[in-house]
Amino acid sequence: MRCALLPIQIDRLWLKARHKPLLRDISVTIKGDGITVIMGPNGAGKSLFIRCLHGLSQPDSGAINFAGTPLNSDIRQRQALMFQKPILLKRTVQQNLAFVQSLRADILMADIERVLEQVGLRHLAKQPVKQLSGGEQQRLALARALLLRPEMLFLDEACANLDPASVGQIESVLLEASNRGQKIILITHDIAQAKRLADDIVFLHHGQLWEHSPADRFFTRPASEQAQAYLDGQILI
Amino acid sequence: MKKYLYAAMLGLAFSAIGVEAFAGSATSIVVQSTTSTKNSGFYDHLLPIFTKETGIQVHVVAVGTGAAVRNAMNCDGDVLLVHSRAREEAFIREGYAPRRYDLMYNDFVLIGPGSDPAGIGGQKDIALALRQIARTSATFVSRGDDSGTHIKELELWRSAQTDPSQHSGDWYREAGTGMGATINIAVGLGGYTLTDRATWINFANKSDFTILSEGDEALFNPYGIMRVSAQKCPSAKIEEAQIFIDWLISDKGQKLIASYKTDGKSLFFTYPK
Amino acid sequence: MSIFQEALSTAFLLILQRDADLMEIIGLSMQVSLTALFIACVLGLPLGALMGSREFRFKQSLRGIFNALMGVPPVVVGLIVYLNLSRSGLFGALELLYTPTAMIIAQVILILPIIAALSSQILEDLHEEYRDLFSSLVVPPHKALLAYIIDARYSLLTIILAGFGRAISEVGAVMIVGGNIDHLTRVMTTAIALETSKGELALALALGIILLLLALLVNFAAQQFKSFQTVQRYGGGR
Numbered sequence: 001m002r003c004a005l006l007p008i009q010i011d012r013l014w015l016k017a018r019h020k021p022l023l024r025d026i027s028v029t030i031k032g033d034g035i036t037v038i039m040g041p042n043g044a045g046k047s048l049f050i051r052c053l054h055g056l057s058q059p060d061s062g063a064i065n066f067a068g069t070p071l072n073s074d075i076r077q078r079q080a081l082m083f084q085k086p087i088l089l090k091r092t093v094q095q096n097l098a099f100v101q102s103l104r105a106d107i108l109m110a111d112i113e114r115v116l117e118q119v120g121l122r123h124l125a126k127q128p129v130k131q132l133s134g135g136e137q138q139r140l141a142l143a144r145a146l147l148l149r150p151e152m153l154f155l156d157e158a159c160a161n162l163d164p165a166s167v168g169q170i171e172s173v174l175l176e177a178s179n180r181g182q183k184i185i186l187i188t189h190d191i192a193q194a195k196r197l198a199d200d201i202v203f204l205h206h207g208q209l210w211e212h213s214p215a216d217r218f219f220t221r222p223a224s225e226q227a228q229a230y231l232d233g234q235i236l237i
Numbered sequence: 238m239k240k241y242l243y244a245a246m247l248g249l250a251f252s253a254i255g256v257e258a259f260a261g262s263a264t265s266i267v268v269q270s271t272t273s274t275k276n277s278g279f280y281d282h283l284l285p286i287f288t289k290e291t292g293i294q295v296h297v298v299a300v301g302t303g304a305a306v307r308n309a310m311n312c313d314g315d316v317l318l319v320h321s322r323a324r325e326e327a328f329i330r331e332g333y334a335p336r337r338y339d340l341m342y343n344d345f346v347l348i349g350p351g352s353d354p355a356g357i358g359g360q361k362d363i364a365l366a367l368r369q370i371a372r373t374s375a376t377f378v379s380r381g382d383d384s385g386t387h388i389k390e391l392e393l394w395r396s397a398q399t400d401p402s403q404h405s406g407d408w409y410r411e412a413g414t415g416m417g418a419t420i421n422i423a424v425g426l427g428g429y430t431l432t433d434r435a436t437w438i439n440f441a442n443k444s445d446f447t448i449l450s451e452g453d454e455a456l457f458n459p460y461g462i463m464r465v466s467a468q469k470c471p472s473a474k475i476e477e478a479q480i481f482i483d484w485l486i487s488d489k490g491q492k493l494i495a496s497y498k499t500d501g502k503s504l505f506f507t508y509p510k
Numbered sequence: 511m512s513i514f515q516e517a518l519s520t521a522f523l524l525i526l527q528r529d530a531d532l533m534e535i536i537g538l539s540m541q542v543s544l545t546a547l548f549i550a551c552v553l554g555l556p557l558g559a560l561m562g563s564r565e566f567r568f569k570q571s572l573r574g575i576f577n578a579l580m581g582v583p584p585v586v587v588g589l590i591v592y593l594n595l596s597r598s599g600l601f602g603a604l605e606l607l608y609t610p611t612a613m614i615i616a617q618v619i620l621i622l623p624i625i626a627a628l629s630s631q632i633l634e635d636l637h638e639e640y641r642d643l644f645s646s647l648v649v650p651p652h653k654a655l656l657a658y659i660i661d662a663r664y665s666l667l668t669i670i671l672a673g674f675g676r677a678i679s680e681v682g683a684v685m686i687v688g689g690n691i692d693h694l695t696r697v698m699t700t701a702i703a704l705e706t707s708k709g710e711l712a713l714a715l716a717l718g719i720i721l722l723l724l725a726l727l728v729n730f731a732a733q734q735f736k737s738f739q740t741v742q743r744y745g746g747g748r
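So the protein lines, in turn, are chains A, B and C.
Just so you know, we're using the working numbering here: the first sequence kicks off at 1 and counts up by one.
Just so you know, we're using the working numbering here: the second sequence kicks off at 238 and counts up by one.
Just so you know, we're using the working numbering here: the third sequence kicks off at 511 and counts up by one.
Just so you know, these hints were derived from the structure itself, not from any lab.
Using N, Cα and C, we set each Cβ at its ideal position, and we do this for glycine too.
A few of these clues could be false.
What the hints assert, rightly or not - Calculated pairs, DSS-like style, for lysine-lysine (alpha carbon to alpha carbon, straight line, at most 30 Å):
(1) B:Lys-361 x B:Lys-443
(2) C:Lys-653 x A:Lys-126
(3) B:Lys-289 x B:Lys-502
(4) A:Lys-195 x A:Lys-31
(5) A:Lys-85 x C:Lys-736
(6) B:Lys-498 x B:Lys-289
(7) A:Lys-90 x C:Lys-736
(8) A:Lys-85 x A:Lys-20
(9) B:Lys-492 x B:Lys-502
(10) B:Lys-492 x B:Lys-474
(11) A:Lys-195 x A:Lys-85
(12) B:Lys-510 x B:Lys-492
(13) B:Lys-498 x B:Lys-443
(14) A:Lys-85 x A:Lys-126
(15) C:Lys-653 x A:Lys-130
(16) A:Lys-126 x A:Lys-90
(17) C:Lys-653 x C:Lys-569
(18) B:Lys-443 x B:Lys-502
(19) C:Lys-736 x A:Lys-126
(20) A:Lys-85 x C:Lys-653
(21) B:Lys-498 x B:Lys-510
(22) A:Lys-130 x A:Lys-85
(23) B:Lys-510 x B:Lys-361
(24) A:Lys-130 x C:Lys-736
(25) B:Lys-489 x B:Lys-289
(26) B:Lys-492 x B:Lys-289
(27) A:Lys-16 x C:Lys-569
(28) B:Lys-502 x B:Lys-361
(29) A:Lys-90 x C:Lys-569
(30) A:Lys-90 x C:Lys-653
Unchecked claim - Derived CB-CB ranges, DEER-like:
(31) B:Arg-322 x C:Gly-537: 40 to 48 Å
(32) C:Leu-656 x A:Gln-84: 25 to 33 Å
(33) A:Glu-171 x C:Leu-727: 52 to 60 Å
(34) C:Lys-653 x A:His-189: 34 to 42 Å
(35) C:Ser-665 x B:Leu-426: 40 to 48 Å
(36) C:Leu-579 x A:Gln-9: 52 to 60 Å
(37) B:Pro-509 x C:Leu-727: 51 to 59 Å
(38) C:His-652 x A:Asp-163: 35 to 43 Å
All chains should be built: construct the whole structure from the sequences, respecting the hints.
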């Protein structure tokens, strides 16, 4: 099954803040299913880039099309985004999911049980979220994203600061979702994780696109010096 | 739980409306009154009997004479009961009431601390007593609120040919408040003040204060009663207001007023027929 | 016996005997202030949520006005309400002056700014936190407003109690628009003012003690409500 929001065509994307360009003239087309990983040093504009793809930030110019249609609220409802620091309602685990359920007619109460099971939080359903660990909170955010059954899922460094077990659990859920035909676009600084998950890599630096290649080629023979330096652990200026 | 809370609050909201409806259904009048009559317990003595006989509820708003007259001019009262002859006559002259009825009288008294620093003790001539206070710069607390008592006090200072306003803030203190509150201040400061006798007799926080000057003709304190004019205040309850006034000035009402006593002392006196 | 001892024993006796006049006054105080509080919340919380979570023209001016109104003396509010409800005023025909309704109106005006201004601050903080999520989930505005109010409920409860405190303890406004009429508009505070002016200081203080107890009782009830909610939500299972 193929994601119906593909291909994503991004054409000459610009975004400036106080006259400083944060995204410069990015043009890229993401065609393939599977998992696209966005890499690049801090300040490269990765977060801003996926915020633009999800409509949380407005580009100054340029076009973003999903299967030929510009981003609109219908498309946004078919996407989901996991933030680096999960944003959760100050309620219980169960109530956080029930809130999402109340927004969409096609989600059933039974689905809540299912996604809780999937991320291993069923035993914590009645806990207030402030009593959860960082890993549990992020897994709840993942459960919420799964509940929405998005055709396209964005993750903004969602695995940063998590213990290996939580990371492993999130990755296996992502791979499952990807196999079911959900498109996944994630930002990570963890090269090993990128190697484990990525089908293709988008490399950004200083708000510019330097490279978009299949994962195996990116990690063996990156096209740009910048990407090579990044992979070698050098500081990019 | 939340539902119960909302239900409880809604219930309260409606019960408030209920009170309104109840208050509106009984015939009631509003009396704009001086504080002295209210604080003396005068109404508690008379109103239950009146309401029982006529079925008319009487709501008393007690403020200073000045405020009472102004409220009545805004038609926020059906009956006006005050004690300042000049204000009452002006009220009638301007057409706010058809006529004034003599209701009752008592008198003003000068009270002060037992130590009597100005040496007034027993000086019957109020003008001399006030002059004595001014000469010794003993503390005097004035109502300062445009009430009947305040108007009377200013008259008395004029007759004593003294202008205390020059010493305001010094020995002459203008409280700007009701009679009882003013006595509280006088007691607190150990100063003299002028009060109507009814308030004084009923006042609980007397400390060592006593009456130091009384009985001068100038201290006469007549109370008048009026109903507002139907022309000025078309929505006023003219008929009920007149029933109330007629009842008070009837032989029966006058007897009840004269019989009202605290500690065996009469508070108000009625005029011989 | 000092006046404090006398006041304490008077207060105790009044409560013990369930003095009919006192019960009536307490009932009216609670009725007026709770009704005013309820109305002020119904108007003020959505207004606060709106100011805290939406951008619109004159928003800052509106906030400034509410902030300033928090400090308006009750007497001034009373005077404004009096002038409007007076038979010669704009709404004189409604005959509301010297009724509990007039007191409720005055108290709503007094506490609405507190509820709106303080809740807008709290809800703004929450909005900052939730904004990206709600935008991502495409949450309709009315559901977002409701979510802010529900999730800030404990902080809002504190604000609501502050509003109640201002309403029940206020004397200047209810004195002017209620008139302190016996059995009709006499509440705790105006009764205290009256007894003070009669020099009945111990009785006045006793009423003050009872008012304090009432306020404590309401705060205690709110506390109970809060912990009950917590147990219901988080403890004990379904």
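Each hint tested on the structure:
A distance of roughly 21 Å separates the Cα atoms of B:Lys-361 and B:Lys-443; the hinted pair therefore holds under the 30 Å criterion. Simply put, C:Lys-653 and A:Lys-126 have alpha-carbon atoms about 23 Å apart, close enough for the 30 Å limit, and the pair holds. Pair hint B:Lys-289 plus B:Lys-502 holds up; C-alpha atoms about 26 Å apart against a cutoff of 30 Å. Under the criterion of a C-alpha separation no larger than 30 Å, the hint pairing A:Lys-195 with A:Lys-31 is consistent with the structure, at around 19 Å.
Distance restraint check for A:Lys-85 and C:Lys-736: the Cα-Cα separation of roughly 28 Å lies within the 30 Å cut-off, and the hinted pair is therefore satisfied. For the hint pairing B:Lys-498 with B:Lys-289, the CA-to-CA distance comes to about 21 Å; that is within 30 Å, so the pair holds. Straight-line distance between C-alpha atoms of A:Lys-90 and C:Lys-736 comes to about 15 Å, which keeps the hinted pair within the 30 Å bound. Of the supplied pair hints, the one linking A:Lys-85 and A:Lys-20 holds, its CA atoms being roughly 26 Å apart against a limit of 30 Å.
About 15 Å separates the Cα atoms of B:Lys-492 and B:Lys-502, which keeps this hinted pair within 30 Å; it holds. About 26 Å separates the Cα atoms of B:Lys-492 and B:Lys-474, which keeps this hinted pair within 30 Å; it holds. Between the alpha carbons of A:Lys-195 and A:Lys-85 the distance comes to roughly 23 Å, so the proposed pair stays at or under 30 Å and holds. A threshold of 30 Å between alpha carbons decides the hint, and for B:Lys-510 with B:Lys-492 the separation of about 12 Å falls inside it, so the pair holds.
Note on B:Lys-498 and B:Lys-443: the hinted pairing holds, with a Cα-Cα distance of about 18 Å set against a maximum of 30 Å. For the hint pairing A:Lys-85 with A:Lys-126, the CA-to-CA distance comes to about 22 Å; that is within 30 Å, so the pair holds. Proposed proximity of C:Lys-653 and A:Lys-130 is supported: the alpha carbons are some 22 Å apart, at most 30 Å. For the hint linking A:Lys-126 to A:Lys-90, the alpha-carbon distance of about 13 Å falls within 30 Å, and the restraint holds.
At roughly 21 Å between alpha-carbon atoms, C:Lys-653 and C:Lys-569 fall within 30 Å of each other, so this suggested pair holds. This hinted pair checks out: B:Lys-443 and B:Lys-502 have alpha carbons roughly 16 Å apart, not beyond 30 Å. Proposed proximity of C:Lys-736 and A:Lys-126 is supported: the alpha carbons are some 17 Å apart, at most 30 Å. Of the supplied pair hints, the one linking A:Lys-85 and C:Lys-653 holds, its CA atoms being roughly 23 Å apart against a limit of 30 Å.
With a CA separation close to 21 Å, the supplied pair B:Lys-498 and B:Lys-510 stays within the 30 Å bound. Between A:Lys-130 and A:Lys-85, the direct Cα distance comes to roughly 13 Å. Compliance with the 30 Å bound is thereby established for this hinted pair. This hinted pair checks out: B:Lys-510 and B:Lys-361 have alpha carbons roughly 29 Å apart, not beyond 30 Å. Between A:Lys-130 and C:Lys-736, the direct Cα distance comes to roughly 17 Å. Compliance with the 30 Å bound is thereby established for this hinted pair.
Of the supplied pair hints, the one linking B:Lys-489 and B:Lys-289 holds, its CA atoms being roughly 14 Å apart against a limit of 30 Å. At most 30 Å may separate the alpha-carbon atoms for a hinted pair to count; B:Lys-492 and B:Lys-289 meet this at roughly 17 Å. With a CA separation close to 27 Å, the supplied pair A:Lys-16 and C:Lys-569 stays within the 30 Å bound. Between B:Lys-502 and B:Lys-361 the alpha-carbon distance is near 20 Å, which keeps this suggested pair within the 30 Å criterion.
At roughly 27 Å between alpha-carbon atoms, A:Lys-90 and C:Lys-569 fall within 30 Å of each other, so this suggested pair holds. Taken as a hint, the A:Lys-90 and C:Lys-653 pair is honoured in the structure, with Cα atoms around 15 Å apart against an allowance of 30 Å. Between B:Arg-322 and C:Gly-537 the C-beta distance comes to about 42 Å, which sits within the given range of 40 to 48 Å. In this structure the supplied range 25 to 33 Å holds for C:Leu-656 paired with A:Gln-84, their Cβ-Cβ distance being about 27 Å.
Here the CB-CB span from A:Glu-171 to C:Leu-727 is close to 55 Å, well matched to the stated 52 to 60 Å. For C:Lys-653 and A:His-189, the Cβ-Cβ distance of about 35 Å falls inside the hinted range of 34 to 42 Å, so the restraint holds. At roughly 46 Å, the beta carbons of C:Ser-665 and B:Leu-426 sit within the given window of 40 to 48 Å. Remark: the range hint 52 to 60 Å for C:Leu-579 to A:Gln-9 is upheld by a beta-carbon distance near 53 Å.
Checking the proposed 51 to 59 Å range against B:Pro-509 and C:Leu-727 shows it holds: the Cβ atoms sit about 56 Å from each other. Checked against the hint of 35 to 43 Å, the pair C:His-652 and A:Asp-163 passes, with Cβ atoms roughly 39 Å apart.
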